[in-house]
Amino acid sequence: MADTVLADGALELEPAPEPDAPFRPTPRGMAARIAVLAALLALILAVPQLVPAVYVNIVTKAAVYGLVALSLNILLGYAGQVSLGHSAFFGVGAFGAGYALTKMQLPWGAALLMAALTGAVAAVVLGAIALRLRAVYFALVTISYGFVAQETLFNIRSLTGGGAGQPAPRPSLFHTDVRYAYLCIGVLAVAMLFDWRLTASRGGRAIQALRDDERVAASWGIDVTGYKILAFVISGMMAGIAGALFASIEQVVTPADFGFALSLTFVLATVVGGAGNRWGVVQGGVLFAVLPTLIDRAHANFHIWPFTSISITLEPAVEALLLILTLIFFPGGIAQQQRNLLSWLSFKRFRQPETGGGPARGGMGARP
Amino acid sequence: MPVLEALEVSIRFGGVQALSAVDFRVDELEIVGILGPNGAGKTTFFNCVSGFYRPDTGRIFMHGQDVTDLRPDQRAQLGLGRTFQQVGLVRSFTVLENLVVAQHKSTRYNVLAGMVGAPASLREEKVLRARAMEVLDFMGLAHLHDSPIGGLPYGTLKMVETAAVLATNPEVLMLDEPLAGTGPEEGLAYCQRLKDMRRELGISIVMIEHHVPLVLGTADYVYVLNFGALLAQGDPDEIRDNEAVAEAYMGEGATSLA
Amino acid sequence: MISLLVALLLVAVACGQKPGVHVASSNGGVLAGQSSNTDTGSADVGASTDAGSATASGGATSSGGTSSGGTTTGGSKSGATKSGTSGGTSAASGPVKPTGHDRTGVSTDKITLALHAPVTGAAPLPVTAFEKERDLFWRYLTEVKHEKVLGRSQVEVQFQDDKYQPGTAVQACRELGASSFLVVGGGGTDQIQACGRYAESAHIPYLSAGVTETGLTGLQWYYSLSMSYKQQGKLLAQYVAKNFAGKKVAAVITDTPNFDDAVAGWEAGVKAAGLNYYKTLRHPKSDTSWYNTFANELQSNKVDVVYILTAPVDYIRFAQQANGQGFKPQFVGVGISMGLNAVLGSGCPNVDGGIFFSPFPGLDWAKANLPDYFAAAQHAGISDPDDLGVALWGLAQSQYEMFKRYGATYGNDLTREDFRKLVETQANLHTGVFPDQSYTPSSHFGSNQVHVLKADCSVKQYKTLATFATGF
Amino acid sequence: MRTVLQVLIIGIQNGAILSLVGLGLALVYKATRILNFAQGEMATVPAFAAYLVMTGFVVAGDPVVSKGRLWLATIVAIVFGALLGILVNMLVIRRLTAVSPVTSLVATAAVFLFFTSIEVNRFEAKLRRFPRYVEGGFRIPGVNITVEWHTIVVLVVLGGAAALLALFFQTPPGVALLATAQEPFAAELQGVPVARMRSMAWGAAGVLAAIAGLLGAGKFNNLQPALVTTTFLIPAFTGAVLGGLTSMVGAVAGGLILGVTVAAANQINTSFSLGIPGAPQLATFLVLLLVLVFRPSGLFGQEA
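Residue numbers (numbering that gives the first Met the number 0), protein chains in the order written: chain C, 0 to 367; chain X, 0 to 257; chain S, 0 to 471; chain Z, 0 to 303.
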C-alpha cells in the first residue's frame, strides 16, 4: 500500500459531474446480440437431437454437472468455502430421491423436494462445522465428511437398496432419454436464473461481502453466521436436486457412484470454469462431464493430435496438462477467457475493465 | 441522553492492559475526536464499542440501551457505523455495489423474495441504487460509481469507505483515521465535509486521527488516550493547553500543542 | 483448451451423423468403440438400428472391401435375405424362420461382438492382454482355420475400458451395444451388475463369468457363463470340508452390498458341510489398517483356513501383513481375477499355496489341452500368451458354441431376440474352457462346474488341481 | 488390556507411515500455505525410480527386485524426489498468478493426475514387488503380536526428520522461510530471497516424499501407480490436520493418533461384530471434529 499512498492522486473536491449514463448498445449492436443469443439457445436446444442416441445421457449428465458446479460455486465462489465433499450432498440427494420414489412411492416432484431437503440438511451439518474452522482446515474436514457419506451412509442397505442399488425411475412424461435431457437442461436454466437473482439481491450480496471481509460485512449489519449457513443451505439444495436428476439418468443409484474422485472433479470443474462466475462454472461442469467420453471417442475415431499416437492410459495426463495450462494462463478459468464475450452478450460493452477482484475470486477466504 | 456511551471499559490481551476503565460519551449531533499516540488503544476502543472485542469489564450503551452483549451486526442495526484502519470495503465489488450492500440493514424485502426475484424486490433494488448514487454524489464520488475497488488510490478508498458507512445511514459515524494517506488540504476539505454531514444528515461523529490540528479544529469535544487509559478530555482549547497531552505528544517540557 | 475441446465435441457430433468417419476405428487403439448408429438402446427401433450398424461395420472393416449389406433403410430385410441365402448352404436342414428383427452388429460377412473390462481405475486388469488377446480366438478361427461363423468370414471384437466404475460401465455398454450383437463383461462385480441391468432394459444379450446374483437374477438377457459367487460358496465349503477336515475356518470378505449374497451362500454351505467355523469378517473399503487387526483376530482364534473374497490387492496385502506377524493360514476363495498369475507376481511368497475356484483353468492346463490357443498367439505374434488370454479365449469359445447351436436351429440369420430365446433352452453347452452351461428360462446361472487352481510360488503360476469339478 | 496394547501397536504400525507423508504436507503448508495434493505422487514417482534401479531398468514383467541395490536406489530416489519437488514448484506452483489457495490446490491435484497417468502408462496398473530395508519383526511376549522392524525404521526416520525440521524452523533461515509464508511482501522488503526459500522448501518436501515413497512401498512389499496417493495421502492429510498443519510435531502426533483411532475402530467393529459399514472413516471424522471443535487449528497448530 505504501507506494500507492505516495502516488495518491488528489481527491476530487469539485462538485461531482453527472455520472456517465449507463452504456446502451446501438440498435444494430442490440440486434447482433439478440441474434447471437438466439443462435446459442437454438444450438443448446438442438444438442440432444443432434448427438447420436448413445450420447444423449452424456448431454443430460453435462446439464446435471453444470447444476452441481453452480451449487459448488455458491460455496466456493460466493461464500469462499471450499467443499471437497460435495459428492456427499450430491449422493444424499440422489439416494433421497431414490428412496422417496421406490420405498415411499412418492411422485417424482415430491422426490425432487425430498432430495433438495436431504441435500440441504447434509450441507447445514457441514456449515455448522465450517463456522468453527479456518477455511483450510474445513476443506480437509469436508474430505472426511465425503468418505463417511460414501462408506457409512451409502452402505446402510435399508436406505440405499443394497447391492443392486436404489431404483430411481424417471417421471412418466420424461421417460425417454431425449425428453429427460430437456428436463435437466430446463432445471439447469431455472437454477441459473435463480442464481442470477441471488447474486443481484441482498442475500447473495451479503454472502459475497462476508467472503471478502467478515468484519466489514458485520459492520454493515450483515449477520455473518446466518448468511454463511444460508450459503450452505442453498448450495446443499442445489446439489441435492442435481443428485436427484443424476439418479434418474440411469434410473438406479449405487454407492460406487459417489467418491472423493467425484468431489475433486466438481472442484476442478468449478475452478476451471471460473469460481464466482455463473456462466463460467456451468461451462466447467459441462466440460468435465463430457471430457472423458470426448477424449475416448477422439482417440477411437479421429487422427487429431494428441489423441492418435497415445494410449488411453496417457489421456489423463493430457487432461492434467491442459488443466495446469488453463490455471497458469487463465486463473479465472473459462469465465476469464470469455470475459469480453460474456459482457458483450449481457448487453454491455465488449471490453470490460479488469475487475479489482481479479480472477478466481474466493476460495478459502482468499483476499484479492 | 447520549447517543453513545461507554462506562469503565477495560480489556487486556495476554499480559497487556490494552484499555483500563475508559469512560466515553457522544451526544446528539456532536463531533468527538479521539487523540493519542500509536498503541494508545484507540482502535482497540473502537473495536470494543462496535462489538468486535468484548470488554473484560465495563458496559457500552446506545441511546441508553445496553449493547455490550450484542454482536457487531446487531449494533450496526441500531445505527452504529464505523470505518476501518485498513480500508473496509468489499474488494471484488464496484463502488456502487459496495454502497448497495452497505444498505443491507435498511433493505425491506426478505432474502427469499430477492432470490426468486419478486417484483417488490426488483422495485426496491432500484431505490437502493438511487440512494447509493445520492450518497456518492454527496461525497463527490459519483463519477466513480462503476469502477472496481481494486486500483483506486488509497485516499479515494477512504472516501468511498466513508460513503459506504454513510449509506448504512448510521446515527453515530465512527471513523478510524479517515485522513491517513491524504494531503493537508484534502484533510481540511474532508473535515469541512464532516460538518456538512452532521448538519445535513443529523448524525454524530467520532473520529480517531493523528493529525492533531485538524481534530482540534473540527471536534466539539476531544478524548486523549495514552497507554490504554484516558489521559485527558475536554473541548479543543482545554486539550490544546493540557500539559500532560503536550508531553505525551511532544515529550518532556512541552506545555501546549499550539 | 476449451476451444480445442469444443472443436472435438463438434467433430464428434458431426461424425455421429456420418458413420463413414469410422474407418479409423478398427485400428484406433484399444478403444475401438463405434459410435455410429442412432439406436436409443430400446429394441423397438430395431430396423433403424440394423441399418445404422450395418453401415458402421461396413465402414469399419479394415481388412475388407465389403460394401456393407444394409446401408439402406431396408437394412433388416436385405440383411435377412442375404444371410438367409448363405444360411441355406451352411445349415443342413431347412432352418426355423427367425422371429426377431434386431440384427445390430450383424452384417452380411461380419459379426461384431463387444467386451468391457477395467484397464484403468481402482482395480484394473493389464491393458495389453485386452489389446492383443481379445479376438485371438476369432482371428484364429477365421484367418487360420478359415471357418465361418454363421456364414460370416469375420468377427470383430470391440473393447471399452469401464474404468472400474459402474456409471462408466453402463455408458460403455450403451455404446458397445449400439454397434455390437452382444456384450461381454470381462470383470468387476459392480460393473457387470450395472451393465447387466442396462442390457436388460436395452434388450442386448449380455454374458459374463459368474459374479454376484444380486440384481442379475431373473434378468432375461443376462447369461452367467460360470457359477455365481453364491453358488460357488456352497461348493467351496464342501471342498474345505473334504480337504481340510477338522480345521478351523473363517472368512474375510469386502463389506460391499454386492457380496451379501456371496456371504449368504458361503455361510449356508458352511452349515451344510458342518465346518468348524469361527466367523465371517467384513473388511472396510478404502482403508489399509484392517489387515493387521483381522490377522490378529484370526490368529488369536486359531483359524487355519481363510475364505478370502476381496480385490486382489487386498488379498496380497492381507497375506503379506499376516505372514509378517507369523500367521500363515490356508487361503481359499472364488473369483475371476484371484486365479490370475498376475496375483502371484507381487503376492509371492505370501500367497503361496492359495487355492481358488476359477471359471477358467490355469496356463499349465492350457499348455496341455489348448494347443490352438498358443498356435493362435503365435499367429498373432504374441510372444508370451498369458492366462488372461486363456480366459478371453474361453469367453469367445462359449459364444462360438452358442452361435453354433443357433445356426443349427435358425440358420445364419442372427437376431438378438432369437439368440436370447435359443440360449435359454440350451443344455450342456460344452466349450472345453469355461464350465459347461445348461440354461432354462427360469435360471440363467446355468453352470455347476468349477476349476480349482493352486498358487505355486516356485514358478509364480497357478497349477490346475481339478477341472470341471461339480462337487467334492 | 492385551487388546488395548494390540490396538496401540497396530495403530502405530499404520500411523507411522501416515505421519511421514503428513510431515511433508505440513512442511509445504507451513512454508507456502499450499495444500499439496501432489505429495503422494512426489513419493510414488521416486519409488518407481528406485524400482528401476533395483531391477536394472527392466520395466516389463515383474522381476524380483534386488535388495543389494536398495541403497543405491535410495540415493537415486532421494535426489529424484528433491528435483521433483523443485520442478513442481518451478513449473507449476510459481507460475500460478491467482491469489486463491483453492487454485493452487487444484493445480497440485492436476500434477497428481499427470504423474499417475504417466506411471500407469509406463508400468501398467499392476502391483510389483518392492523390498524393505529390514524384513521380519520381533514378537512382544504376552501381547501376542509382532512388531515389524520396518515400522521401527519408519519411526526412527520419522523422529529424525521431524526433529530436524522443528530445529530448522528455529534457525534464521527457518524463521525467514516462515516469514515468506506469512507475509511474502514484507519478507521481500526485508531482503529475504522468497523465491529461493520456497524452492528450497519444495526440495525438502520432495526429499521427505521420496523417503515416504520408499518406506510406503516397503510397508506392503509392493508398488503400483499412485500407490502413496491412493493408500496414504488422504489419511495423512487428516492426520496432519489433527496435529495442526503448521506443526511438525503435530504432523507426527496426528498421523499416529489417526492410526490408533482407525485400529481401535476396526477392533471394536470386529470383536463386537457391530457390522458398522465404513467404521474407520466414521471414527476418523468424529475424532477430527472432536479435536477441531476444541482446537480449531489442530492439536499443536498455531496460525498467524
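Simulated from the structure, these hints should not be mistaken for laboratory data. It is possible that some hints are incorrect.
Calculated pairs, DSS-like style, for lysine-lysine (alpha carbon to alpha carbon, straight line, at most 25 angstroms) [to be verified]:
| no. | chain 1 | residue 1 | chain 2 | residue 2 |
| --- | --- | --- | --- | --- |
| 1 | S | K420 | S | K462 |
| 2 | Z | K66 | S | K453 |
| 3 | S | K247 | S | K270 |
| 4 | S | K131 | S | K459 |
| 5 | S | K327 | Z | K66 |
| 6 | S | K462 | S | K241 |
| 7 | X | K125 | C | K347 |
| 8 | S | K144 | S | K131 |
| 9 | S | K247 | S | K278 |
Each hint, compared with the structure:
Between K420(S) and K462(S) the CA atoms are separated by roughly 38 angstroms; this puts the pair beyond 25 angstroms, and the hint is violated. Pair hint K66(Z) plus K453(S) does not hold up; C-alpha atoms about 28 angstroms apart against a cutoff of 25 angstroms. With a CA separation close to 13 angstroms, the supplied pair K247(S) and K270(S) stays within the 25 angstroms bound. With a CA separation close to 22 angstroms, the supplied pair K131(S) and K459(S) stays within the 25 angstroms bound.
Distance hint between K327(S) and K66(Z) is fulfilled; the C-alpha atoms sit about 24 angstroms from each other, no more than 25 angstroms. The hinted pair formed by K462(S) and K241(S) meets the criterion: a straight-line CA distance of about 19 angstroms does not exceed 25 angstroms. Restraint check for K125(X) and K347(C): satisfied, since their Cα atoms lie roughly 19 angstroms apart, inside the 25 angstroms limit. Restraint check for K144(S) and K131(S): satisfied, since their Cα atoms lie roughly 19 angstroms apart, inside the 25 angstroms limit.
In summary, the hint linking K247(S) to K278(S) is supported, as the alpha carbons are separated by about 10 angstroms, within the 25 angstroms threshold.
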